[in-house]
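Trainee: Listed below are the residues making up each chain.
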Amino acid sequence: MNICVAGQGELAETLVYLAERAGNNAVLLPTEVEGAPLAVAHSDLVLLATSPELLRPLVRALRPGPGSVVVVAGRGLDPESGRRLSEIVPLESACLRVGALGGPLLPAELRQGSPGACVVASAFEEVNQRTVKALHSPLFRVYPSRDLADVELAGALVLVLSAALGVARGMGLGVGTQAVLVTRGIAEGARLARRTGGDPSTFSGLAGVGELVAASSLPDHPGQSRGRALASGGQDLPLAALCDALLSRERDLPITAGIRLLAQGKISAAQLLHGLTERQGRAESQ
Amino acid sequence: MDTPLFHSPSHAEVADAIAARAARRFAHQSDTALADLLADTVFHERKRLEHDKADPDYEALLDAGARALRDARRRDVEAALLSLVRYYGEEIHNPFSPRAYKVATQILPGAFARLLSASSGRRLVTGHFDLGSHFKVDGPLAQIKALIDAGATIVVAPTHVSNLDSPLIGMGLYQAGLPPCAYGAGLNLFSTPAMAFFMRRLGAYTVDRRKRGRLYKDSLKDYSTETIKRGCHSLFFPGGTRSRSGRVETQLKKGLLGTGILAWEERLREGKKADVFVVPLTLSIGVVLEAETLVADALADEGKQRYIISDDEFSRPGEVASFGRRLMQLDCRVHMVFGEPMDVVGNPIDAEGRSLDPHGEVLDRRGYVADRDGKVVADEQRDQVYTERVSRRLCEAYQRGLVVQSTQLAAWAAWTALQAQHPGRDVYHLIRLHPEDRRIAKVEVIRRIGDALVRLQGQRRDCPSDPERVLQEALRLFAGFHKRKALEETAAGIQLSGELTWYYHNRLVGLLREGA
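Protein chains in written order, with the working numbering: chain A, 1 to 286; chain B, 1 to 516.
Incorrect hints may have been included.
[Claimed, not checked] Within a straight-line C-alpha distance of at most 20 Å, the following computed SDA-like cross-link-like pairs (lysine to any residue) qualify:
id: 1; chain 1: B; residue 1: 136; chain 2: B; residue 2: 334
id: 2; chain 1: B; residue 1: 253; chain 2: A; residue 2: 197
id: 3; chain 1: A; residue 1: 133; chain 2: B; residue 2: 372
[Unchecked claim] Per label pair, the in silico range of CB-to-CB distance:
id: 4; chain 1: B; residue 1: 217; chain 2: A; residue 2: 265; range: 53 to 63 Å
id: 5; chain 1: A; residue 1: 179; chain 2: B; residue 2: 392; range: 37 to 47 Å
id: 6; chain 1: B; residue 1: 71; chain 2: A; residue 2: 252; range: 52 to 62 Å
Think of the hints as simulated: they come from the structure by calculation, not from any bench.
Ideal Cβ positions, reconstructed from N, Cα and C, are used throughout, including at glycine.
So that you can see chain A by itself, here it is in the shape it has in the complex (with noise of 0.2 Å):
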């Protein structure tokens, strides 16, 4: 197969890594060059790693046409309007065929040839076929879904999540704390995905869980890094409106709706864990 992997960073030339080693032609596409719309014209598969803020106009570059497949590697939501990443293709360009890589993709263990795995996900069998095709290889495991929203949603999620760890690290707190962040994390993705109608389990797969525990055993994971910057002060306005976004479609996530407030610099860290533990108690599967 031809794959075209569009966007910078680590994470675009680690998918070229991966696609290359599952046998197929892959090409890391300078979005700048003319021709790009001509190279994603003539790929089997196309792959967008890149952020939120940059996905837009990358879309409008690269101009994917009703016979792409594209599918999103990045992680959260979109700036301008809050939809889940792989929405943002359909909005800017002719391409129907989209979905959302999920779950872990550590570049720096990926190319030392540490054994992985990613879930793709997309409404249409046939993107999922592609991309498993495109990337599974004997040391990294593609795992099809069709849950697209919750896979996508739970990425997101797992950004917050990492900046709340991120905010009880900077505050000294043990593992301890860190430890009911996580779990009452994993609550707050199955409560999302209940609300959008999606499959509570997804949130317990590779996309959630899975990139959660990524996320928590990397203290310089960027999610991390966020919330340290936050528990020292200031404001995070992108991640307060990551979590305005989140919050909008379910009101019951405790932990999103503080680091929003954190994040907004209405609150201070001390408080964020304050409001957090003396919340009314409820069941721990609610």
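Put chain B on the given structure of chain A with help from the hints.
Mentor: Here is chain B on its own, set in the frame of chain A:
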């Protein structure tokens, strides 16, 4: 306007075409899958026929199916299935009659108008009756006509509240200068001989919703695909059945809707250029003949199961005629708003029928179903996702095309006032309140109508400006229809019926609920 519907094939031709489609499908299925399909049909149909009257020929086919299952030879199973498919094909199809169409379009509107205005002796004698004044057809009619003239086939997808919708749409299409459409009509609608006579000849094909087996449903889809492929304009009610609650459809059935894309793909494979487009149509009418039966069904627990209502107001011809007369006398207009046509994957199209991307650029829609070499690739699952997109676009178009009626606005105002008086109570609690507790001060209803009008005008909707007049008109219309009045003015305030108030209020839920 000449259309392929005028050159309608015979029963046998249709049965052959449907059977050929089924045979192609069967060729890819395992022995077990075919046996399961036949068993499903024989089991469900024999069970149904314990209560329903059966055609002896049909019973014989089912018996032959049961024997084939016992012997379990693929050839026999397939033959039994194909015999049933042929039977279904003949039953579904009703050859269109251009002569009946001519009669219907030249004579019936006048006769219908006279019948409906029969209470006015002067108008009956003079014949001065303008049916058009009670009908308002709107939307991009010139574009739709141009597409048809250029050889496109259209699939009209309307909202559905009443069994009167089909004849009303038929008249609306004629008034708009659009050709007749083939449309599916429930078997119960053929129960009145005069109605059946014209329906059978004016494009209605028979849908027997009592037949629930997969084979029958597949045969219906095959029939629809074949019809569209032959270039017959079609009409489906994608909601599947009349809206029980009065709400505008938010969920659609994808079965028949998906036959548009199948027909288009088949045309592409055969190298035919002619396209298929989907056209939304929103019907708005101030009062609904069957409202009382429908809302009772919506509120009853068993309502979810009762797909076919054969004993409603529509089944009584006297009530239909009386309803029609009151409709005209009370100056109740029927609004039919066609939405922008779209391609079969839900993209907008330009005046020449070219599909457009979100930036308004022309795109080659063939790419959605063809590989890079241009060969059309069959993929049922892919097409289902495309059809879901079409259905979302239709639901959006329905909301845009809604023409707000005074009855709905007044019911909205009164019902939301009742909800405010009893916060947290569900619909069942509210309709069971003592009648005295279902009364709202007139001034409060008028205030809420005013608030709703401001919001609707904010949505750039064409609305009246005087809330008091809206209420008066609604009360006048409600007084002229239904055994129970949805709203009634009493000395103590505006009396709500409960169920009917909720039903009419529901039409505006998509426009006026919080966050809309």
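Trainee: Does each hint hold? Answer for all of them.
Mentor: Checked hints:
no., hint, result
1, B:136 / B:334, "holds, 6 Å"
2, B:253 / A:197, "holds, 18 Å"
3, A:133 / B:372, "holds, 18 Å"
4, B:217 / A:265: 53 to 63 Å, "holds, 58 Å"
5, A:179 / B:392: 37 to 47 Å, "holds, 41 Å"
6, B:71 / A:252: 52 to 62 Å, "holds, 60 Å"
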